[in-house]
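If you're matching them up, the sequences are chains A, B and C in order. Using our numbering, you'd call the opening residue of the first sequence number 2 and step up by one each time. Using our numbering, you'd call the opening residue of the second sequence number 3 and step up by one each time. Using our numbering, you'd call the opening residue of the third sequence number 462 and step up by one each time.
No lab work stands behind these hints, which were simulated from the structure alone. Here a beta-carbon is modelled for each residue, glycine too, at the ideal position from N, C-alpha and C. It is possible that some hints are incorrect.
What follows is a set of in silico ranges between Cβ atoms, one per label pair, in the way DEER data are often shown [said to hold, decoys possible]:
| no. | chain 1 | residue 1 | chain 2 | residue 2 | range |
| --- | --- | --- | --- | --- | --- |
| 1 | C | E710 | B | G218 | 54 to 62 Å |
| 2 | B | H270 | A | P355 | 35 to 43 Å |
| 3 | B | L8 | C | S565 | 56 to 64 Å |
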Amino acid sequence: MTPSRRAFTRLAADVRAVRVLMATTGERAVIVSAPPGGGKSSLIRAIARSLARPAGAVVPILSQTNDQADDLVVHLHRERPRLSIGRLHAPRRLSPAVAALAAVPGSRLHVSTDVDELLAAKTKVIVAPAAKWAHSTLSRQVEWAIVDEAYQMRADALYGIADLADRLLLVGDPGQLSPFTTLNTTRWVGLPHSPVRPAMCTLAATRPRLPVHSMAVSHRLPPSAATIISDALYPDTPFIAGTKPADRTLTLRQPPRRLGHQGLNLDAVLDLAAASGWAYAELPARHTRPDDPGLARLLGALVHRLLQRRPAVTSELPHEQQPRALRTADIAVIVSHNSQADRVRTALAAAGVPAGVTVATANRIQGRECAVSFFWHPLSGRRDTSPFHIDPGRLAVGLTRHRHAVIVASRAGLDDCLLESADTDDLYLGEPEQRLDPIEVNWRILNHLMNHQAG
Amino acid sequence: MSPLALVRGRQFERTVLADDARVLGKLVGEHFGVSAHPLRVLDIGAPVASATAESTPLELLRLRAADTRREVDALLRVAVPSSVVVHPVLTMTMPGSRSPVFLEPDALALVADEDGRLVCVEVKSRPTIDGVADPATAGAAARQVAVYVHALRDLLADLGHDPARVSTGALLITPWNATNIAVGHVFDVGKRLGSLARQLARVARIDGILDLLPDGFTLDFDAIVQTLSPDAPEPVRAATVAAHIRRLPANYVPGCRSHCQMSEFCHHDAISTGDPALLGTGVRDHLAGMADLHAAARLARNASAAPPDGLTDDEQAVLYAALADQAARAAVQDTA
Amino acid sequence: MNTLAALRRAIAFDDGRAVPRASLRHYHLTDAPLVVCLCTVAGEPFAPWCLVFGTDPDHPTGSVVIAEPRDRTQRYRGLAAFAEGLCDYLSGHLAYDMVRNPLSGVEHPVTAGAPQIVVPTASVAEALIRVAGVGLRKVKGVPPVSHWCNAHLTWLGQRLETDGQALILPAATALTFHWATGQGVMEDANLPSVLEWLTSTKPTRDGRLADIAAAEQQAWGDQRDPARDHGLMLRVDRHNKADNAADREEARQAIADEVLPPMLAAYRGCFQALDLLRTLPEAPTAAERWTADKRAWAQHAKRCDAPTPPLFTVRDRPSQAVSNAAALETARARFTAQPVHDDPLILAEAISAGDAFTGEVLATDTTNMEIKPEGSRRTKVPLLTIRCRLRPASGDGHDHAQVWWVVSGRPVSGETRHVTPAARRDTDLPYDEPHTVLIALLSGHDHGRRTPAVGTTVTFTRLDPRPSNAIRPVIATPWPFIPDTPTSP
């Protein structure tokens with residue numbers, strides 16, 4: 002069986018298993034936990050389509066952001082142009098891309114700020130962010146609502162939508178960044194119904210027996226990444242790669258030269274990444290500003306050099322059976338702060354990289370995928386490990402976007418930074434415990450990176 | 003910590019332990035689901051029989067540690083439920099170290115669930131307000147208890163008991179609101195135990211740490227002062243000790259002032275050197291690459307439309323911030 | 462934190478003098494605020510308490526010393542004296558009228574004004590709410606005025622968490638919002654040292670730093686001098702061990718001699734802080750926030766229009782928690798954005814933080830017409846080309862990021878479209894990386910008549926000056942928030 006055939010069967014099995022859970026459980030929700038690239042979106046679309054089949058059925062889908070809602074709508078529409086889909090949106094929050102699809106004469110994609118209008122247009126699947134759904138009421142009874150990226154949802158968002166349908170199908174990736182609040186209040190500490198907790202923690206406390214289906218195969222991550230990521234970041238929901246090492250290749254068609262940048266051999270870094278799926282490039286240790294221009298320039302130079310060497314990939318995907326040349330759109334640079342993203346954009350332009358490379362913070366790039374990613378290590382150049390910068394979720398996002406290789410860049414001295422991190426943290430009794438020990442996770446990943454140091 | 007807080011802390015602890023630890027027993031019973039009456043209380047802190055008037059504090063600790071070892075062994079063998087060991091002393095030996103470190107938990111309780119587990123109890127005088135335990139206090143208690151549990155598990159293994167009989171759940175006892183009424187909170191140190199084990203594993207040998215110290219470095223201040231002439235005036239003695247301490251690099255951050263006794267010394271040094279960390283870790287990060295706060299201020303004052311050549315990335319960032327500031331102040335002037 | 466904020470603190474440190482970080486006052490101040498000072502030692506709730514309060518800088522209305530707060534009789538008697546003073550002040554603001562909103566037809570209470578309580582620091586505010594609020598809850602045998610005091614303080618305590626509110630104002634917080642000192646955030650929670658950064662008249666930096674260091678020891682805030690605490694402890698001991706009334710009174714007086722002078726100094730310090738704040742003209746949106754304060758106060762006043770004080774739940778119920786989280790987050794977003802739009806000095810920090818960018822208008826196209834994504838008609842969408850010295854901060858990197866023109870009057874919103882490198886000019890700094898950004902104005906531009914002129918300098922920010930207060934419909938607590946009680950088999 003070919004890898005893509007395997008992925009298809011695997012997905013069908015997951016969909017069947019989830020449908021069985023939905024049909025048999027007496028509980029009011031079913032949880033699906035998925036690893037990065039586990040086929041979560043395909044599963045949601047497949048289940049939405051099957052729930053929409055009966056005459057008169059309506060399936061609400063709740064995303065966490067407008068971008069996610071747009072993505073879902075565009076994919077659903079592309080797969081089944083005959084299916085009547087509604088994109089419910091807040092005023093002035095409609096993306097031009099979705100508006101354009103809806104404007105095509107005869108399009109079965111409808112957009113509106115009013116859910117009743119979409120119901121009147123007989124749409125069968127209605128997609129909107131949870132925040133919009135919280136202000137909309139469905140004038141008819143619906144058995145299931147599907148929540149996408151459920152682990153990114155905060156409890157107060159769940160509060161607003163829990164009664165939208167009789168029951169909820171909650172789908173998400175437990176390893177990514179949790180939702181956060183900028184409020185520094187102790188007002189709800191220890192309250193099981195604290196509005197600023199992750200919604201999934203609320204459910205774990207009030208409904209500990211909800212049925213869970215764990216998807217256990219990543220179709221995105223290559224085997225080189227799946228094992229270490231699963232061990233370090235998903236100990237409770239382990240997964241494997243859906244492909245074998247030989248199923249994918251990344252080749253740099255232009256041979257290496259000794260191209261130095263700030264004392265690093267760029268080609269050595271890229272060659273290692275192409276060969277092993279990982280590379281770690283390190284600049285000399287220095288305490289830097291958060292937007293370290295030196296590290297941004299290194300990333301700019303690496304991206305530029307990668308494109309210059311005419312990279313091509315092969316994989317199990319039909320359009321990658323023969324080597325496919327990578328374009329800028331296949332590359333992402335992942336950072337922690339907006340200021341770092343701006344520095345990287347400047348550096349990319351200065352290095353002569355054409356437009357199209359995605360540069361985004363970990364928060365923004367959750368759920369997205371690319372062929373090769375570059376990751377600005379969150380602790381690079383820092384004197385201390387702040388809770389923000391050692392968040393395991395940030396590593397999880399940064400190291401799980403790629404199908405072929407990830408290149409991590411940092412200032413040296415990460416080990417000292419981790420060693421000197423003293424635990425003086427406050428403890429809020431009654432709050433859910435952290436799923437992982439951040440320092441422990443960072444050590445494991447750092448050890449792995451040190452084995453892939455190049456340049 | 004304020005001496006007032008210390009005294010009040012001891013008073014509160016006495017309240018909790020009064021009448022054969024009636025309050026403590028009640029709270030253990032409440033939170034671990036077992037009736038704690040009648041309670042058997044063993045106070046290891048009470049004068050040890052084998053101690054003499056001449057016993058040094060270190061000897062007393064050793065004696066109390068031996069008593070603790072014996073009592074814990076007996077407790078686990080007989081498994082007398084609802085027993086409490088008050089003021090026990092535990093030991094922990096660092097690899098390569100000659101003498102053990104002594105640890106003094108407030109109390110250990112044997113709870114009578116199916117396994118007969120030992121639970122650490124920590125008494126703190128910062129009150130629980132509206133049901134919320136002071137988070138700094140709880141954090142400190144959790145760090146302490148993780149070490150106690152670690153040491154206690156070693157002790158159990160040594161005595162031939164199952165180390166798993168030490169519960170990772172612990173009890174924190176604090177006053178309730180502005181009263182002397184005690185309330186308990188259960189917390190789990192399982193996760194912290196893991197990170198503690200990892201940290202200890204990294205400290206392979208204590209001599210490895212000692213190697214990092216400057217040559218001839220000591221924390222025995224008498225030894226330092228003895229190198230001076232006996233009639234050296236106090237300021238000279240103080241300056242000598244201070245100069246000696248400064249041989250160790252400091253990593254001062256403002257948070258130090260809320261939990262470290264050395265922090266006033268480091269705070270003072272941070273002021274005299276203009277260390278950016280004086281103003282917090284955020285300032286330190288954003289002024290990275292500046293020699294000190296004075297250098298940053300100088301650069302800002304001299305910021306102009308004709309900056310010198312060859313500014314570093316960091317200096318450029320400061321330059322543009324300073325220019326934005328100048329423009330804003332000019333705009334304010336214009337409207338005024 | 463941003464580079465400019467760090468730099469302003471560095472300059473203050475280098476100078477030994479605070480640096481203004483605002484040109485306007487962003488908190489409304491009333492004509493007669495009630496200053497309340499409370500000392501609880503180092504957060505130690507059992508140490509002697511001392512309260513000084515009043516509206517006259519020279520003559521406090523009252524002062525209370527509670528030598529042994531664990532003695533209930535003493536505690537309740539002392540707090541009752543304060544409760545009298547507080548309720549007396551608040552009673553002047555409790556009268557309300559019901560007014561019908563002509564648009565919605567809904568009636569709501571309106572008061573003429575609102576009270577303003579000023580305390581030295583945020584931790585004093587919290588301590589006050591703890592001892593005189595929580596400490597008086599459900600206590601039997603105290604005068605009704607104490608229960609009213611509890612109700613008011615509990616309400617004010619919850620209000621305290623709303624960013625930008627001015628009903629209960631910590632003076633040190635207000636000062637350090639408007640001036641950058643050369644000390645850390647923790648030291649900024651100490652009013653005497655903050656005041657010295659602003660007011661020391663010593664001619665040299667060393668002299669000013671010495672004044673500041675001395676002020677830190679005055680300890681009306683978080684920092685306490687252990688030696689003085691020790692002396693206080695001995696006096697408390699004497700008080701508690703006194704076996705006759707005369708001795709006890711003498712010991713109480715000794716305690717008062719120790720704790721009262723610094724509290725009187727704190728009292729004067731609060732008024733000094735208010736005087737300093739009054740030197741700044743009030744920012745336009747401060748009045749708007751005060752209106753929100755008054756509206757909230759009027760609701761409270763209406764609840765208090767009853768024979769017995771309203772009862773406040775200590776912890777939020779699920780529905781309350783959800784609506785409070787929304788209200789607090791909206792208030793935070795407002796108080797983050799509005800001062801940026803009002804005040805160039807605060808705007809400068811937003812630029813440094815990457816929340817705003819500034820540049821020269823190169824070209825405008827006020828005739829451009831577009832069909833907006835959700836519209837069907839062509840409407841006017843003026844286009845601006847702005848030249849920035851550096852690549853403008855692009856926020857979270859959205860292609861069509863929402864931005865607002867920093868301009869007085871009605872907000873003008875738009876979106877950024879293309880950022881492209883621009884040709885250098887002779888007048889550019891050697892380090893400049895000039896870029897142009899194309900901005901489409903989407904609302905508030907009055908059909909293209911309200912746009913910046915070519916050649917002027919403009920600033921755009923991604924901070925929304927009017928974050929909407931998304932009030933969620935009140936619904937019955939949904940199932941995920943009700944614990945599943947296991948049914949026994």
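Verification of the supplied hints:
The hinted range of 54 to 62 Å is satisfied by E710 of chain C and G218 of chain B, whose Cβ atoms lie roughly 59 Å apart. Here the CB-CB span from H270 of chain B to P355 of chain A is close to 55 Å, at odds with the stated 35 to 43 Å. For L8 of chain B and S565 of chain C, the Cβ-Cβ distance of about 59 Å falls inside the hinted range of 56 to 64 Å, so the restraint holds.
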